[in-house]
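Those protein sequence lines, which keep their order, are chains A and B.
Take the first sequence: its position 76, counted from the start at 1, is 76 in the numbering used here, and no numbers get skipped.
Take the second sequence: its position 246, counted from the start at 1, is 1246 in the numbering used here, and no numbers get skipped.
Since the hints were derived computationally from the structure, they do not count as laboratory data.
As the structure is a computational prediction, the values presented were derived from the model and not from experiment.
Beta carbons are placed, not taken as given, at the ideal position from N, Cα and C, and that holds for glycine.
There could be a bad hint or two in this list.
A few chain A positions that, by computed beta-carbon distances, are all more than 12 angstroms from chain B [said to hold, decoys possible]: (1) Glu-84; (2) Arg-86; (3) Gln-90; (4) Ser-91.
For the chain B half of the interface with chain A, some residues (derived, Cβ under 10 angstroms), not all of them [as the list claims (entries may be wrong)]: (5) Ser-1074; (6) Trp-1081; (7) Leu-1153; (8) Ala-1320; (9) Phe-1381; (10) Val-1382; (11) Met-1385; (12) Pro-1408; (13) Ala-1409; (14) Ile-1422; (15) Leu-1557.
If we take Cβ atoms under 10 angstroms as the criterion, some of the chain B residues that face chain A in the derived model are [as the list claims (entries may be wrong)]: (16) Glu-1090; (17) Leu-1144; (18) Leu-1146; (19) Trp-1150; (20) Gly-1366.
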Amino acid sequence: MLHEPASTGGHDPAAAYKMRLGVWMFVFYCLFYASFVFVNLASPLSMEMIVFAGLNLATVFGFALIVVALIQALVYDWLCRAQEARFADQSDEGGQS
Amino acid sequence: MVIAIFLGFVLFVLALSFYLGARTRTSSGYYAAGGQIHWGVNGVAFAGDYLSAASFLGICGMIAVVGYDGFLYSIGYLAGWIVALFVVAEPMKRLGKYTFTDAVDSKYDSRGIKLAAAISTLVVSVCYLIPQMVGAGVLVTPLLGLAHHWGVLMVGAIVITIVATAGMASTTYVQFLKGGMLIIFSTVLVIAVCVRGFNTRPDPGGEARFYEYKSMDAVMEGNQLAVTEPGWQVLEVQENHAAKATFARLSSNGAESWWLVDGAEGPVTLRETQSVVETSDGRKLINGAPASADNQLRQVGNVETLRGQATAPAGSVSPAGLLAGMSDPETTVRRWKDTKLTDASGSHVTVYYSTLTPGNRLMRPGLKFKVEGTPLEKFDFVSLMLALFLGTAALPHILIRYYTVPNPAAARKSTIVAIAGIGFFYILTLFMGLGATMNGVLNPADSNMAAPLLARSFGQFLFAVISAIAFATVLGTVSGLIVAASGAVAHDFFDRYLNLQMSDQQKIRAGKISAFVVGAMAIVLGIVFKGVNVTFLVGLAFAVAASANLPAILMLLFWKPTTARGITASIFVGIASSLALILLSPDLYKLYGLDPTTAPVPFSNPGIVSIPLSFITLIVVSLLTRKATPEPDEVEAAA
Chain A
1 MLHEPASTGG
11 HDPAAAYKMR
21 LGVWMFVFYC
31 LFYASFVFVN
41 LASPLSMEMI
51 VFAGLNLATV
61 FGFALIVVAL
71 IQALVYDWLC
81 RAQEARFADQ
91 SDEGGQS
Chain B
1001 MVIAIFLGFV
1011 LFVLALSFYL
1021 GARTRTSSGY
1031 YAAGGQIHWG
1041 VNGVAFAGDY
1051 LSAASFLGIC
1061 GMIAVVGYDG
1071 FLYSIGYLAG
1081 WIVALFVVAE
1091 PMKRLGKYTF
1101 TDAVDSKYDS
1111 RGIKLAAAIS
1121 TLVVSVCYLI
1131 PQMVGAGVLV
1141 TPLLGLAHHW
1151 GVLMVGAIVI
1161 TIVATAGMAS
1171 TTYVQFLKGG
1181 MLIIFSTVLV
1191 IAVCVRGFNT
1201 RPDPGGEARF
1211 YEYKSMDAVM
1221 EGNQLAVTEP
1231 GWQVLEVQEN
1241 HAAKATFARL
1251 SSNGAESWWL
1261 VDGAEGPVTL
1271 RETQSVVETS
1281 DGRKLINGAP
1291 ASADNQLRQV
1301 GNVETLRGQA
1311 TAPAGSVSPA
1321 GLLAGMSDPE
1331 TTVRRWKDTK
1341 LTDASGSHVT
1351 VYYSTLTPGN
1361 RLMRPGLKFK
1371 VEGTPLEKFD
1381 FVSLMLALFL
1391 GTAALPHILI
1401 RYYTVPNPAA
1411 ARKSTIVAIA
1421 GIGFFYILTL
1431 FMGLGATMNG
1441 VLNPADSNMA
1451 APLLARSFGQ
1461 FLFAVISAIA
1471 FATVLGTVSG
1481 LIVAASGAVA
1491 HDFFDRYLNL
1501 QMSDQQKIRA
1511 GKISAFVVGA
1521 MAIVLGIVFK
1531 GVNVTFLVGL
1541 AFAVAASANL
1551 PAILMLLFWK
1561 PTTARGITAS
1571 IFVGIASSLA
1581 LILLSPDLYK
1591 LYGLDPTTAP
1601 VPFSNPGIVS
1611 IPLSFITLIV
1621 VSLLTRKATP
1631 EPDEVEAAA
């Protein structure tokens, strides 16, 4: 007895693309996050450096980690929707022919 | 007014629960709100679920006390949503039905996975429940004048009612309301902080006059201290190893007080502290006088100099200007620490003493997490950042929210809404925490109340609203946790592991009974862990979640040789190793009242050991068992 999934959306032809895209975007963010941890460990004093408008590197880097997460999320959604629309169009064309 | 707003909010939440409860008739409705929640509502509810007492009370409190190190939690908690969005959201929605167990077991139908995942859900939920309940107790004391345990009991009773009436539906709408209100009113609070601006002699909104702590000259020779000023008598001098400082007990006009000895030998300066003394005959003295409603610890926290100058109220400041002012090397901030002593008469003493910290030091990591310290201290920092990053996507009460939306695309979109709301809120935490640091509103004995006390300095209305939201914050998160935990017991364990063949109504009843039992456990733990910073406790819950659940989720999705036994073993190893490392760590030794240097585990954050260990276990066991027995899905495929 396998337990039935909740999704009622049926087969998603874009699933493989979305998973690949997600992994690449995850790797990119991972590197960004790891670089923050690395700079803190390797050169903690450099986090005091004023970058702009009186804000130090620690503040700018921290805010950037939050803002980049949101930008990446929006880009990911946009690319996923584009791919889903592409498959939906192909499916419609297939159905009409 | 404070109590009216607070009670009005609680009654509204309860009315909503009863209304939705009357419409919940199926187990799908109870555990997953029928899978019909709009992605926008679900996204805000995600924020309401995730922005727990740890985020609102704990992070703000930690930033107020240790500066940027508290903000590291904000960064790590938000970064974790990247793992949730890019790797977990859509596949989890496709694989599961009601719970985390459904998803990891979807390919295998394994009794071992059902048991392990149900236990894991229960353990992580309980670990996460403790700080929420502690936060509840913290809130009611200044708000309603009740003792800590009454606050915990009140939250427990309300949450059990919410969950037992309508399950995930009422939980979702409570979280939605609370998430939206938390973000809106936190923004209002930050604007108020910026409008007030800097003042080196803050008077919490006119509530209390700024208190000037005294200092006196003295001479130290060996262990003999002589005070220069007349009228003061030295009763004892104690060197405190935990604080790496020396304290003196002095008497003047019959009143005793504790002073920090600044200097080692020859001319020294004595600096006034605050103290709580519990005498052997049961009396409690605060700053030398009996504790009473009028004699409590003074609220603390101020900027001593701004860019090298003492400053009167200087008017509003921009958000960037506030951060820039606090980061300046010429800015000094008076921070408060505490340490415990036993005086010559055997009384237990807690001394609260201040130190001056330059702004550039406050506004970068290092005051709590010793990034410039020993390799072990650096290891601890990396371990924390790893657990925060990987923990979010493994929290059962977050994962079950993917089952409340109709399809995988809605799961993705709701995660993006959550990232926007949560990310914005986490930026606000830095301003709220620093606002508490510079406005003289900190309770030196409990950092958790920083944000509500900051709100109180702007008037009773904002205090009432912020406190009601903070209380709702606890309600929302605890409701989600209890839904997750009751799902683990009733759905995963009774229905699926024991295969009791329950009817839909029996499943709902089992869920409600489980909610009651888990809620009762949470009440007891919330009382036991009183006084511990809630963010610290949540950080540990993240480590347990990341160790127990994440390897199973990731390997199930990305590594084909994964077997049921591999997943089962990795979940058990993840739970056991992370819990063992936490229980034997220096921070927990402090909680036990033992010397932290004698703790068998030399670091406090277990993730960097327990997460890889769980991955390795899964790989090794999967490789071993794959050769021995084919997996059920392979058998089915072959058939």
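Results of checking the hints against the structure:
| no. | hint | verdict |
| --- | --- | --- |
| 1 | Glu-84 | 7 angstroms, violated |
| 2 | Arg-86 | 14 angstroms, holds |
| 3 | Gln-90 | 17 angstroms, holds |
| 4 | Ser-91 | 15 angstroms, holds |
| 5 | Ser-1074 | 8 angstroms, holds |
| 6 | Trp-1081 | 7 angstroms, holds |
| 7 | Leu-1153 | 35 angstroms, violated |
| 8 | Ala-1320 | 5 angstroms, holds |
| 9 | Phe-1381 | 7 angstroms, holds |
| 10 | Val-1382 | 6 angstroms, holds |
| 11 | Met-1385 | 5 angstroms, holds |
| 12 | Pro-1408 | 6 angstroms, holds |
| 13 | Ala-1409 | 7 angstroms, holds |
| 14 | Ile-1422 | 9 angstroms, holds |
| 15 | Leu-1557 | 8 angstroms, holds |
| 16 | Glu-1090 | 6 angstroms, holds |
| 17 | Leu-1144 | 35 angstroms, violated |
| 18 | Leu-1146 | 36 angstroms, violated |
| 19 | Trp-1150 | 37 angstroms, violated |
| 20 | Gly-1366 | 6 angstroms, holds |
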